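*Asks:* Could you put the whole structure together from the sequences, leaning on the hints where they help?
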Amino acid sequence: MVEIGCIEMVNRVTTGRTFHAYFNPGRSMPAEAEAVHGLSDVFLSDKPAFAERVHELLEFIGDSPLVAHNAGFDFGFLDAELNLCGHPPVCRTRMVDTVALARVRHPGAKLSLDALCSRYGIDRSHRTMHGALLDAELLAQVYVELRGGRQIGLELVADVAETISAGTVLVRRERPLRPARPHSASAEELAAHLAFLATVDTPIWSN
Numbered sequence: 001m002v003e004i005g006c007i008e009m010v011n012r013v014t015t016g017r018t019f020h021a022y023f024n025p026g027r028s029m030p031a032e033a034e035a036v037h038g039l040s041d042v043f044l045s046d047k048p049a050f051a052e053r054v055h056e057l058l059e060f061i062g063d064s065p066l067v068a069h070n071a072g073f074d075f076g077f078l079d080a081e082l083n084l085c086g087h088p089p090v091c092r093t094r095m096v097d098t099v100a101l102a103r104v105r106h107p108g109a110k111l112s113l114d115a116l117c118s119r120y121g122i123d124r125s126h127r128t129m130h131g132a133l134l135d136a137e138l139l140a141q142v143y144v145e146l147r148g149g150r151q152i153g154l155e156l157v158a159d160v161a162e163t164i165s166a167g168t169v170l171v172r173r174e175r176p177l178r179p180a181r182p183h184s185a186s187a188e189e190l191a192a193h194l195a196f197l198a199t200v201d202t203p204i205w206s207n
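Numbering (the working numbering), first residue to last: 1 to 207.
Hint data in this document are derived by calculation from the structure and do not stem from the laboratory.
Here the structure is a predicted model, which is why all the values come from computation and not from measurement.
All C-beta atoms, glycine included, are put in the ideal place defined by N, C-alpha and C.
Each hint should be verified, as a subset may be incorrect.
[What the hints assert, rightly or not] Distance windows between CB atoms, simulated: (1) Thr15 / Glu189: 36 to 44 Å; (2) Arg17 / Pro48: 17 to 25 Å; (3) Gly108 / His87: 25 to 33 Å; (4) Arg92 / Ser45: 33 to 41 Å; (5) Gly149 / Asn70: 18 to 26 Å; (6) Leu190 / Ser125: 53 to 61 Å; (7) Ala49 / Val104: 36 to 44 Å; (8) Ala109 / Gly26: 36 to 44 Å; (9) Arg105 / Ser186: 40 to 48 Å; (10) Val99 / Gly149: 16 to 24 Å; (11) Arg103 / Ser40: 34 to 42 Å; (12) Gly72 / Arg17: 23 to 31 Å.
[To be verified] Here are the simulated SDA-like pairs of lysine to any residue, each with C-alpha atoms no more than 25 Å apart in a straight line: (13) Lys110 / Asp123; (14) Lys47 / Pro30; (15) Lys110 / Arg147; (16) Lys47 / Leu82; (17) Lys47 / Val99; (18) Lys110 / Gly131; (19) Lys47 / Ser28; (20) Lys110 / Asn83; (21) Lys47 / Glu3; (22) Lys47 / Asn24; (23) Lys47 / Tyr22; (24) Lys47 / Phe77; (25) Lys47 / Val13; (26) Lys47 / Gly131; (27) Lys47 / Asn83; (28) Lys47 / Leu58; (29) Lys110 / Ala140.
*Replies:* Take a look at the structure:
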């Protein structure tokens with residue numbers, strides 16, 4: 001792993017909180033890999049090893065569920081690095097794959113990140129090479145579309161914080177749903193409500 005990029009979202013809106021790092025892999029960069037992401041041996045030579053920043057990454061992601069595009073591929077690399085550092089792999093029950101989500105919504109269609117950006121009209125003109133943070137930005141928008149858009153107010157969901165990390169989304173459930181009202185409105189409350197309605201000019205419910 002030579003790069004990881006994270007973007008936090010709250011209620012499907014980015015917060016501006018990010019984690020981004022380059023890593024020295026301790027080996028020469030294959031030419032075919034450099035052609036994809038543009039990261040050369042010279043550029044990576046002064047970057048820290050993954051182990052030097054693993055605690056920052058783990059603190060950022062916490063114990064949140066993780067969503068990734070082609071999750072098995074991304075987490076295979078992440079698990080290998082975690083293993084070298086003496087950390088356990090990412091629990092597979094935390095992972096949700098946006099490829100699987102897209103396959104359900106668009107059976108038979110192309111499911112690459114580029115294809116989904118095109119389908120949803122997401123601008124990727126600035127994406128000339130693969131980059132973790134840029135891909136995370138694009139995936140954030142794709143994920144929102146796959147989940148039905150930004151309007152979530154009518155859904156019965158808890159408050160969530162979602163983070164995308166190197167093509168990964170992390171969902172933190174922070175507060176339970178507000179409990180149901182324990183009793184019906186009192187006579188005083190009903191009277192106050194009726195008094196308020198009487199002040200409304202030409203209410204639509206009277207038509």
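*Asks:* Going straight from one Cα to the other, do Lys110 and Arg147 come out at no more than 25 Å?
*Replies:* It holds: about 18 Å lies between the C-alpha atoms, which stays within 25 Å.
*Asks:* Taking the CB of Gly149 and the CB of Asn70, does the distance hold inside 18 to 26 Å?
*Replies:* Distance hint for Gly149, Asn70 holds at roughly 23 Å.
*Asks:* Given the hinted pair Lys47 and Tyr22, is their Cα-Cα distance within 25 Å?
*Replies:* With a Cα-Cα distance of about 6 Å, the restraint between Lys47 and Tyr22 holds, given a limit of 25 Å.
*Asks:* Go ahead and decide if the range 40 to 48 Å is satisfied by the Cβ distance of Arg105 to Ser186.
*Replies:* At roughly 46 Å between Cβ atoms, Ser186 and Arg105 fall inside 40 to 48 Å, so the hint holds.
*Asks:* Check the hint pairing Lys47 with Val13 against an upper bound of 25 Å on the C-alpha distance.
*Replies:* Violated, at about 31 Å.
*Asks:* Between Lys47 and Asn83, is the straight-line Cα distance small enough, at 25 Å or below?
*Replies:* 20 Å, holds
*Asks:* The hint says 34 to 42 Å between Arg103 and Ser40; measuring C-beta to C-beta, is that right?
*Replies:* 35 Å, holds
*Asks:* Just to be careful, I want the Cα atoms of Lys110 and Gly131 compared with a cutoff of 25 Å; is the pair within it?
*Replies:* 21 Å, holds
*Asks:* CA of Lys47 to CA of Gly131, is that 25 Å or under?
*Replies:* 16 Å, holds
*Asks:* Take the C-alpha atoms of Lys47 and Glu3, compute the straight-line distance between them, and say whether it is at most 25 Å.
*Replies:* 10 Å, holds
*Asks:* Return holds or violated for the Cβ distance of Ala49 and Val104 against the range 36 to 44 Å.
*Replies:* 39 Å, holds
*Asks:* Do the beta carbons of Arg92 and Ser45 sit within 33 to 41 Å of each other?
*Replies:* The hinted range 33 to 41 Å holds for Arg92 and Ser45, with Cβ atoms some 35 Å apart.
Consistency note: the structure conflicts with the earlier hints numbered 3, 17, 20 and 25.
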